[in-house]
Amino acid sequence: MKAGRYGQYGGQYIPEILMSAVRELDTAYEHYKNDLEFNQELEDLYNNYAGRPSMLYYAEKMTKDLGGAKIYLKREDLNHTGSHKINNVLGQVLLAKKMGKTRVIAETGAGQHGVATATAAALMDMECEIYMGKEDTERQALNVFRMELLGAKVHAVTSGTMTLKDAVNEAMGEWTRRGSDTLYVLGSVMGPHPFPMIVRDFQKVIGKEIKEQILKREGRLPDAVVACVGGGSNAMGAFYEFIPHEEVGLIGCEAAGLGVDHPKNAATVANGTVGIFHGMKSLFCQDQYGQIAPVYSISAGLDYPGIGPEHAMLHETGRAKYVPVTDEEAVSAFEYLSRTEGIIPAIESAHAVAYARKLAPVMGKDQIMVINISGRGDKDVAAIARYRGVELYE
Amino acid sequence: MSKIKNAFKNGKALIPFITGGDPSLEVTEELICAMEKAGADLIEIGIPFSDPVAESVTVQEANERALAAGCTADKLFDMAAKVQGKIHVPLVFMAYANLIYTYGKEKFIKRCRESGVDGLVVPDLPFEEKGEIFPECEQYGIDLISLMVPSSCERIAMIAGEARGFLCGISPMGVAETEKGRKRNGIEEMLKLARENSGLPCVMDPGSGTLEQVKAMAALCDGIVAGEAILKLVAQHGKDSAVPVAEYIRAMKEAIA
Numbered sequence: 001m002k003a004g005r006y007g008q009y010g011g012q013y014i015p016e017i018l019m020s021a022v023r024e025l026d027t028a029y030e031h032y033k034n035d036l037e038f039n040q041e042l043e044d045l046y047n048n049y050a051g052r053p054s055m056l057y058y059a060e061k062m063t064k065d066l067g068g069a070k071i072y073l074k075r076e077d078l079n080h081t082g083s084h085k086i087n088n089v090l091g092q093v094l095l096a097k098k099m100g101k102t103r104v105i106a107e108t109g110a111g112q113h114g115v116a117t118a119t120a121a122a123l124m125d126m127e128c129e130i131y132m133g134k135e136d137t138e139r140q141a142l143n144v145f146r147m148e149l150l151g152a153k154v155h156a157v158t159s160g161t162m163t164l165k166d167a168v169n170e171a172m173g174e175w176t177r178r179g180s181d182t183l184y185v186l187g188s189v190m191g192p193h194p195f196p197m198i199v200r201d202f203q204k205v206i207g208k209e210i211k212e213q214i215l216k217r218e219g220r221l222p223d224a225v226v227a228c229v230g231g232g233s234n235a236m237g238a239f240y241e242f243i244p245h246e247e248v249g250l251i252g253c254e255a256a257g258l259g260v261d262h263p264k265n266a267a268t269v270a271n272g273t274v275g276i277f278h279g280m281k282s283l284f285c286q287d288q289y290g291q292i293a294p295v296y297s298i299s300a301g302l303d304y305p306g307i308g309p310e311h312a313m314l315h316e317t318g319r320a321k322y323v324p325v326t327d328e329e330a331v332s333a334f335e336y337l338s339r340t341e342g343i344i345p346a347i348e349s350a351h352a353v354a355y356a357r358k359l360a361p362v363m364g365k366d367q368i369m370v371i372n373i374s375g376r377g378d379k380d381v382a383a384i385a386r387y388r389g390v391e392l393y394e
Numbered sequence: 001m002s003k004i005k006n007a008f009k010n011g012k013a014l015i016p017f018i019t020g021g022d023p024s025l026e027v028t029e030e031l032i033c034a035m036e037k038a039g040a041d042l043i044e045i046g047i048p049f050s051d052p053v054a055e056s057v058t059v060q061e062a063n064e065r066a067l068a069a070g071c072t073a074d075k076l077f078d079m080a081a082k083v084q085g086k087i088h089v090p091l092v093f094m095a096y097a098n099l100i101y102t103y104g105k106e107k108f109i110k111r112c113r114e115s116g117v118d119g120l121v122v123p124d125l126p127f128e129e130k131g132e133i134f135p136e137c138e139q140y141g142i143d144l145i146s147l148m149v150p151s152s153c154e155r156i157a158m159i160a161g162e163a164r165g166f167l168c169g170i171s172p173m174g175v176a177e178t179e180k181g182r183k184r185n186g187i188e189e190m191l192k193l194a195r196e197n198s199g200l201p202c203v204m205d206p207g208s209g210t211l212e213q214v215k216a217m218a219a220l221c222d223g224i225v226a227g228e229a230i231l232k233l234v235a236q237h238g239k240d241s242a243v244p245v246a247e248y249i250r251a252m253k254e255a256i257a
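Protein chains in written order, with the working numbering: chain A, 1 to 394; chain B, 1 to 257.
Where hints are given, some of them may not hold.
Stated by the list, open to error - Part of the chain B face toward chain A, derived, beta carbon under 10 Å:
| id | residue |
| --- | --- |
| 1 | Phe49 |
| 2 | Glu64 |
| 3 | Asp78 |
To be verified - Among chain A residues calculated to face chain B with C-beta under 10 Å, some are:
| id | residue |
| --- | --- |
| 4 | Thr273 |
| 5 | Tyr387 |
| 6 | Gly389 |
Just so you know, the hints here were simulated from the structure itself, not pulled from any lab data. Glycine included, every Cβ here is placed at the ideal spot set by N, Cα and C.
With the rest of the complex left out, here is chain A (with noise of 0.2 Å):
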């Protein structure tokens, strides 16, 4: 396969002004990844700085009240910053310092990323600029204050829909504008080539993990891997592992609004077609003239119109499977979570919980699910408050 492929998908559809850019850090990025001395650091950030491994929790609680599959929880919600986005910033931030860059910028749709670059940046000594859509910072205003707090400077993006889509936008832009002396520290498995490479490469530490943690609790490898998915990092990065042991079922969940034949969703293997987009060939939701749709989720997290290319692949040949879930049944998802095992999940997260709700019954009891819990919650417990029609005051 061509560098940069995944099948028909991927690429580099990036204006000329990129290139340059682009291709520095994919000559960087293939010495750095092969470096000794680097891969070290960025081992011990992992294990010293953000907590790795994550530990693989056994739900015990819910796997009697579903009746069915085994249910093994990959907590990435106990990551410093609160999600698996931490993985890739850290190498991505350490990159940059190697290749002697002074500042990060960033785009964020819920805020993780956002947050967990920032904490990169002031860990490394970087300046930061993120960018993230309006309607996101009045849905994730604690997440603004956050990145501030770590020294960030926030741009609220007003351009377009005003999310995640128009946040890489004025992202792509910045960089197009200033990259001599800065990185664009891409967020998910999505964008120009080598971003898709090196964001599955930081994330795929997770699915390493799994395999090691349940190969070491249950002898042998799971039945089904759950995952949520917007630009899909965390479910690459669960995936990854486990893509040549067929065996292993890899389930995407994606945010599906309020219904996928309902106009608001973010459902882009369900109702997406082939595009060229964000410096990708892949799923896009878009019109019959290829006008980007403006997609809708509860979660900011997965409120995008697009897919990563190598999951576009991996849904093209049938070796991942992906599945919408409504804004309702990932809410209830949440709920029960919280619940059942007292983890309250991102509500990204909880779409993968909620299909997982669905799936469990119907495995037989020998059989073992790992769900990815990419985030933790704390960030839409005001959201979800106001979803339920619960008013709180601070």
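Got chain A sorted already, so can you dock chain B onto it with the hints?
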């Protein structure tokens, strides 16, 4: 046979850029005729896109107005075919890759030919990905215009060697106005390399450069793309844009001569 080379027979070429359908198709048609009369040598029409990544706010807003007014690729092809009887200068369409891909690559390029569109600018299709539509462009005689930037001079020989129609340099003044320390001679070196590797005319897009900067830039190359200022006039004057835009074109053509 592409008419693009005709645009360079009348001194320094002036290439105005407007967004198709902003604020309406009728105004676009009127502007094309008025700009030709005022001295434009080639006219570039952007097909509006929902997400023109890495464009200025002026361009983004023009795209939003055109989409809100219901402009589509089909309507612009019809308009281009209709206006052919009234103008002689070549027309070039600018479209993001997704608009071409989703429309159907061959169908899109074929409709360019049928509507009298001579060239295509695809801002998110760098050299490495141009194979996506280059064979279809060659088959239907549509010039796929190459873009180049001074910050990546090591790529110019490769880009220029396979260029069609003309080469368009994007100026760091417009796109990278926040970045200090970049020198004008980057542009001179870029143009020199382009000429060494291609016999095609080289034009510059100065973005939001001042008139003095544009004049200085014109002296170095074969033509100037003018978009930002024209889109601002259209934003300001709406359906009455033809007169002020024509005035601007006349002044600019004189300034760069």
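Review point. Any CB of chain B closer than 10 Å to the CB of A:Tyr387?
Key: Since chain B brings no Cβ nearer than about 28 Å to A:Tyr387, farther than 10 Å, the hint is violated.
**Study point:** Per-residue hint verdict: A:Gly389, partner chain B, C-beta under 10 Å
**Key:** 34 Å, violated
Exercise for review: Have a go at the A:Thr273 hint: is there a Cβ in chain B nearer than 10 Å to its own Cβ?
Suggested key: Nearest chain B Cβ about 7 Å off; hint holds.
Check your understanding: If you take the shortest Cβ to Cβ gap from B:Phe49 to chain A, is it below 10 Å?
Key -> Holds, because the Cβ-Cβ distance from B:Phe49 to chain A comes to roughly 7 Å (cut-off 10 Å).
Practice item. Identify whether the interface hint at B:Asp78 stands, where standing means a beta carbon of chain A within less than 10 Å of its own. Key: 14 Å, violated
**Study point:** Given hint B:Glu64 near chain A, where the shortest CB pair must fall under 10 Å
**Key:** 8 Å, holds
When held up to the earlier numbered hints, the structure conflicts with 3, 5, 6 and fits the remainder.
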